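Hints given; two lone chains; assemble the complex.
Here are the chains, one letter per residue:
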Amino acid sequence: MTPVLDETLTRDVLHAALSGGADFAEIYAEERRSTSAQLDDGRVEDVATGTDRGAGVRAIAGEVTAYAFSNRMDRDALLEAAAAAAAAARGNAKRAVLDFTRAEPQVLHAPGEPAGGVARERKVAWLREVDDAARSHAPEVRQVVAGWGDSVQRVLIASSEGLWVQEERHRLRLVVQVVAGRGGILQTGFEGPAGLAGVELLEAHPPAEVGVKAARQAVTMLGGVPAPAGEMAVVVGPAGGGVLFHEACGHGLEADTIGKEASIYRGRKGEVLASELVTGVDDSTEPNAWGSFSFDDEGSPAARTVLFDGGRLTGFLYDRYWASHDGAPTTGNGRRQSYASLPIPRMTNTSILPGATDPEEIVADTRSGLYAKALGGGQVNPATGDFVFGVSEAYLIEDGEITRPARGANLIGNGVTILRAVDAVGSDFDSRPGTCGKDGQGVPVTTGSPTLRIARMTVGGTGG
Amino acid sequence: MAELEELVGAAVDAAEGGEDVEAYASSSRRTEVKARRGKVDSLSGSQTRGLGVRVIREGRLGYAWAADPSTDEAAALVAAARESSAAASPDEANVLPEAAPAEPLDGLYRAALVEMDAERKVEIAIELERAAVSSRPEVTKVEDAIYADAATRVVVASSRGVSAAYERTDCWCMVMALAERGDETQSGFSFALAREPGELDLEGAAAEAAERGARLLGGRKPKTERLPVVLDPWAAASFLGVLVGALSAEEVQKGRSLFADLVGEEVATELITIVDDGRLPGGPGAQPFDDEGVPTGRTPLIDTGTLRGFLHNTATAHRAGASSTGNAGRPGYRGVPGVSPHNLLIEPGPDGPEALLASAGRAVYVQEVTGVHSGANPVSGEFSVGAAGLRVEGGALEEPLREMTIASTLQEMLRAVTSVGSDLRFRGGSVGAPTLLLAEMSVAGA
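Respectively, the protein sequence lines represent chains E and V.
Just so we're aligned, residue 0 is where the first sequence starts under numbering that gives the first Met the number 0, counting upward by one.
Just so we're aligned, residue 0 is where the second sequence starts under numbering that gives the first Met the number 0, counting upward by one.
Only chain V is shown next, with the shape it has when bound in the complex (with noise of 0.2 Å):
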């Protein structure tokens, strides 16, 4: 079995004059274990490995790729890339961007993941279920208990003279618990992440999730009305989540981004400041370089308020005339790079939770969103997503609200915070938030 450098060598090598030739080739090995009853129900382990080509000619972009292949096939893989290039439209933004220094990143890789034999990742799952079914009365079982870990290497090299690879480790576990009171169920969610087990907060995913399903019990729909809406960090993130397309300079430039022309104007109120960094210590995005070798950093998008920029990968760029942000991504070896966050985030503001709470008084606190992949608009910002949360009466959360539905659009939005809280967290991709309070907005119900 040849080493990823020897495969990406062997495409580079098989580069003709008149062409750029880019190879990126990644391995990972994952585990993955569910617990149910007090006991394992599955374990999975992987090993996979593949390569991505890149061929440029006169400005037309093939790409070929392939799973665990020989050196041989590597080469293959550039004369099929070369192949669909012939088929494609010419377009000079297509260019590889030039060797650059990446620093390395401390502790992205922990040996004590890859270490950890399969035993005692079974063992953390089962910790994870007990511990989700024994914080609440009304939790006595999950709809699912996780522990999934990878250990990912990566590998790129260029007829352009770059040459890099990192190796990370992640971890993470997830717990959906289910909380019933007659002949009724809700459902809880919660997760953590990491870069090694032993720094994972089992104990605390697991009561938020009972928590947060058992809260829900008794829900009804409320009346429809305009009043305050606390959305917490996941919710917020759902948000954010949506706005990832309109800060791309991809989407941008392709004229689907509502940011489009508003640089330097006001979008949001100054109380909002988003940045995306991919060298955030801990954040489950961070990368030394970005999926096509150019160094990552931090990017401001909108600082107190006022629109910044976009997110750069290297073709990007040469249309607008910028330089790479390092945000190139790429389905792993399987696609070619487009443009995507590493740590999309809201700076956290200086109060905690509860007091947002304590400043909203009447209002309505959101901790489910469900829809916004299909209810909201990316281009247009508009959206109507369903949510399920509680009251809030006098700064503290009173009874359980389902069905209710809230419309607006992500412009308005982001004018009506009033206050950003303190706790910023991660949704399961790279995109965090901390506990938000809007004005007014509508909310649906009955």
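If we strip away everything but chain E, and leave its shape as in the complex, we get (with noise of 0.2 Å):
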């Protein structure tokens, strides 16, 4: 692989960093090259290529951080750009650079078929593939909008301490919203597969499935009575439980926002925090999903890391700042939105573990209640733990029984007490990739986890 920075650059860009005393530098550089097209409406629009690139310097001197960044990767803008993060990150350190060493993957993603070598007039056929799909599901659906995205980033990270990583990162995003209407309601579908992976994802997600699932979903909610609000049991569909844990309790558990004294979990490892069914963990070595690497976005390779062991909190995410500023390990959670960004402490694919319970015995064992088969975004403060969570697709249970769709519902609560109300884990498994946004930075992530049951929790609706 060529580096995307010649060897002799990336040295004289790091001593220039350094040269204000900074204890480290570190030069991020890449070039991305994407490929996108929409279907909106029957019409194929928006196709387009692109080139992004730049680099990133970033100089730390005891607490203080200093990046400055560029799109101009030639020598004069990269040591312009050394010597802005050298002249705020001053310190008394005499580092010299030392001889890089080659760090080779412990994992790969190589892709099946890279996205990069379709024409796009095949890309633009699976997209008339899912629209001519949901169209035909249901005399309901009234909108179909599907998008396709695929790109090839280039990466290369080299640091003061000799470290020289070097990446090329497969990606790849089929989505597709469908509106149903009925009478005067309107209802949305959603579907997204994707993948650190080539266009052999398509197997596992062929695009007419997608689109009959995102309508499937829109035209059931149309049957939707309004979701019901006030206290209730909640059984929450596989994969949504991930976006749950994600949401509600994994920000808390990024090592920035313990640092800065944001986070109920700070100075809580070892206790039993969670109902002992909940395993979690965060992976970013699984093979291929949209939120792996092999390297995170400060060289540290792919791990899995424990979160919750049968409810104990064991587990923080950390990136190379904040694992230096607590004097613990880093675990490969450094991640970045591109060159224009800090790394910052980020998730990867986080899970709740499956466990022993048959799922239909979970529902079954469920008087009434509400059950969430899909998860919409959610928000959460991570200095309480207060969350709440749209619900996209919801429905009544009634003795027992999966009943009528329930609209517009979403989930309110607080993550440590969802966590510890989690009363039953089912034996099934699923994942959805999704973007993660956290400081202006958004990341590529999956969610997963079994069907869970939260004895009680607040649901939120205009049902009474």
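If you're looking for bench data, these hints aren't it; they were derived computationally from the structure.
Relax, there's no trap hidden among the hints.
Subject to a maximum C-alpha distance of 30 Å in a straight line, what follows is the list of computed DSS-like cross-link-like pairs (lysine-lysine):
| id | chain 1 | residue 1 | chain 2 | residue 2 |
| --- | --- | --- | --- | --- |
| 1 | E | K437 | E | K268 |
| 2 | V | K38 | E | K437 |
| 3 | V | K140 | E | K268 |
Just so we're clear, the structure is a prediction, and the values are computed from it rather than from any experiment.
Take a look at the structure:
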């Protein structure tokens, strides 16, 4: 693999970044080529190709981090960025750049058939398959928007500690949103498979099937009753519990949130803070998963971190800065959206692991409540753990059976309380890709879980 | 390094017969400083630029973009966009605007921001944090105290004769204060925006963040009931943000607007007037021309409760047989223009927020809504969101309330407004609102 920057220039930039006396200097350089297309209202539009490139130079002196980036990759621009970082990160350290040691990946996510080599016409034809299948699913389908996005990102990360890491990441995402209408009611359905993979991703997720799934969700919700409001038992379908775990709990386990004393989990490692049925992990080694990589964006190898083990809090998610701040090893969770951002601790593929109970039994054992099959986005206040989630597909549970769809439900509660209130964990499992936003940076993640039951939680709805 | 004018020139020159080419180039210099515990925590500086090219051939549109291209690469982008156009569907609305001169906007660019050195910016962030932790005893630290600024230059040119450029400066500060009592922590957020650092109200933002956090301490879940709701300007703007899509002609034409077919009808109480003003002095989204070179203006959308029209770019206007309202908006050089507001706002009313509270009687004051993005359906208008705030008794703010949900529809909400405050404020984006008093809504808690 030809590096994004040559070795001599890289060494010179790091020397320049250290020249103010910084303890640590790093350069992150990338080039990302992407293709996208959208099919909206039956028309193919927004067929586009893009080339993004840039480099960020980071210098750390004590607790001060300086960062300068540019999308000019010539020697002058990079040395100017390094000088700017050096001026802000002043210290007394006298450090030189060691010889680089090339790090070999322990886990590869090589694509079967890279999307970059596939003609635009073939990609557009897949979008048409999504559209056709969604529209033929039911006469109520009013609108279909299908989007394609693939990219190949070449990264180089080198540091004053002699780190030299290169990685090529191939990503592909196919998304569809369907609007269905009946009478005056409109409802939406969504599906969006994605992977750190090539077009072989479509073997597991045939475009027609993707279109039908989104259409089915929209049409089903048309028949819904307004969701009930108040406290009740909530059974969360497979994958949905992963969103809950990610938002309500995962963000509070990211070391920057803890370091800023803004997490309820601070200083509580070793305590039993969740139901003993809950074991949760973050795993960036999962083959070809949307949130995976060989190295994180600071060059640390991909890893699996157990966050909760049988309800006991066992791990936090670290990047390099916070690991060194806390005297802990990095867990390989330093990620950034692009060269334009500093790395921060982020989740990758976060899951609650399956338990032993048949998921059908969980529902049968629930007298009344809400079945949250698919969760929409959510928001959490990490300082308190309070969260709210939209439920994009919900049903009433009446006498141990999933009955009518329920519209407009959301789940509101507190991360710690909810994890304690989990009283059943299914033996099934599923996961969903998504984009997690934090500090203005979006990174690809997946969230996974089995079917879960929360004994009691607040449901917000309009049905009183 | 080529000037932006040279890059767009090289692209437009590469146009072949029978096609239209538009080139959009932008460059920006940004600084961001975070303070923590009286010191600089991080400082980030950047210089970026790029070029995006639209090629329209036989009604088919293709797009290509690159960060920091050379003039040769600029011409190559035209070829790539041409290839992409071949895979797209023809659409007669794929047209470029004709050239029209835009009046410059005075004061959009301030040399004072560009000339300020990084050390002074670091001091601003530190001052902001210090002000936040010294304004209330319950607040001894912040989660974030940030100063950031940007100087941006935009150049647009096309084979239709468009040739326009502007420069702007923006700065903002943001503080998330942490208020503590016992083992409870609450966070309070505030920010301020300005064109140059000297005009930022640091003290005001810091004190407000501390106050907003501290007053939530000891909050409890309320009982579920129906009662009047007072939305503070940011909470009101959060809801208005969901309506942005519904007021876009693009969403209307694609059947995704709850306002489609309602032009001329009453969609809100007569107290509600919503406009988008691209030339509002001091408005965060002010710009002399939109992202395809069309001059901006003031567009009435809802006038004393009656829906008057929608926001248009050149393509949506072509489809509707209307004129562009100068609302083409694009994600910088990385994407094609869609429709977006500049400064979308609810016109303020005559009374201050205190007067609204006084007339509310027994009510809930909402200072924070969460999950608006996921909890509100912009197509059906249904929403159910999380909220935090305070109880209102006899016109005064009383005990804090948390873990509430408010559920209704956006349509009902617009009809439920019984009073509009005078205190218009912009949220981070380009949406602004004053305090609103709403008739009874369902507030769910325990």
